[in-house]
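Chemist: Using the hints provided, position chain C relative to the given structure of chain V.
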Amino acid sequence: EPEVTQTPSHQVTQMGQEVILRCVPISNHLYFYWYRQILGQKVEFLVSFYNNEISEKSEIFDDQFSVERPDGSNFTLKIRSTKLEDSAMYFCASSEFAGGWGYEQYFGPGTRLTVT
Amino acid sequence: GESVGLHLPTLSVQEGDNSIINCAYSNSASDYFIWYKQESGKGPQFIIDIRSNMDKRQGQRVTVLLNKTVKHLSLQIAATQPGDSAVYFCAENSGDNDMRFGAGTRLTVKP
Chain V
172 EPEVTQTPSH
182 QVTQMGQEVI
192 LRCVPISNHL
202 YFYWYRQILG
212 QKVEFLVSFY
222 NNEISEKSEI
232 FDDQFSVERP
242 DGSNFTLKIR
252 STKLEDSAMY
262 FCASSEFAGG
272 WGYEQYFGPG
282 TRLTVT
Chain C
112 GESVGLHLPT
122 LSVQEGDNSI
132 INCAYSNSAS
142 DYFIWYKQES
152 GKGPQFIIDI
162 RSNMDKRQGQ
172 RVTVLLNKTV
182 KHLSLQIAAT
192 QPGDSAVYFC
202 AENSGDNDMR
212 FGAGTRLTVK
222 P
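One line per chain: the protein sequences are V and C, in this order.
Here the numbering used here is used: the first residue of the first sequence is 172, the next is one more, and so on.
Here the numbering used here is used: the first residue of the second sequence is 112, the next is one more, and so on.
Because the hints were derived from the structure by calculation, they are not lab data.
Remember, it's a predicted structure, so these values are computed and weren't measured experimentally.
Glycine residues also receive a C-beta, built at the ideal position from the N, C-alpha and C atoms.
Among the hints, erroneous ones may be present.
Said to hold, decoys possible - Now the stretches of chain C that chain V is said to cover, found in silico as 3 or more residues with beta-carbon under 8 Å:
1) 152-166
2) 212-218
Claimed, not checked - In the BS3-like style, the derived pairs of lysine-lysine whose C-alpha atoms are separated by at most 27 Å in a straight line are:
3) V:Lys228 with V:Lys249
4) C:Lys179 with C:Lys221
5) V:Lys249 with C:Lys153
6) V:Lys213 with V:Lys249
7) V:Lys228 with C:Lys221
8) V:Lys249 with C:Lys221
One chain only, chain V, in its complex shape (with noise of 0.2 Å):
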């Protein structure tokens, strides 16, 4: 069964350095969505993206991060200067039609970062 795949399962950054998380979609698949859960906290949206653009975004996804598909498969989340608060996990989703909300989304196993 086709899955989302995250890499890395676990990154730990210093502090102000800058992380890259990355995703590979379902291949099929046409939205593509970041969203963090800070540990013993709820799941929070940060960004859905469709045919190479940010088509939403919450109030957490400022300007410290960006999405990217720099190619046919990868789905990347970066995060510049991060800070100690950015310490979460990471999930990547996708779902296939380009219906935002009202579509199956698929969730990859997640990348727990770890600011120190």
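Modeler: Then chain C, alone, in the frame of chain V:
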């Protein structure tokens, strides 16, 4: 402010019993709801969704009920199995650019 929350943080049921997990929401403009299952160390897994023009939707062993009058959403799992043990949370969208998630209920199935 507007929020999505769960009534109970933990639920323990006997294998074979039915489980009911509840979710309250406060945004009257919410029009799309999803239930997710999250097992330890894994990402959320879509279970079932429902739009506000419906009050019930059924899947395989799961049923979602929506009561817009009291802004309440529930997930019913029939014949609960040990593999159903996980954290379940609801999420809602009101047509804006965000999907809001509840905190989660931990379901434990006792053999």
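Chemist: Please flag the earlier hints that this structure goes against, numbers listed from lowest up.
Modeler: Those not satisfied are hints 4, 7, 8.
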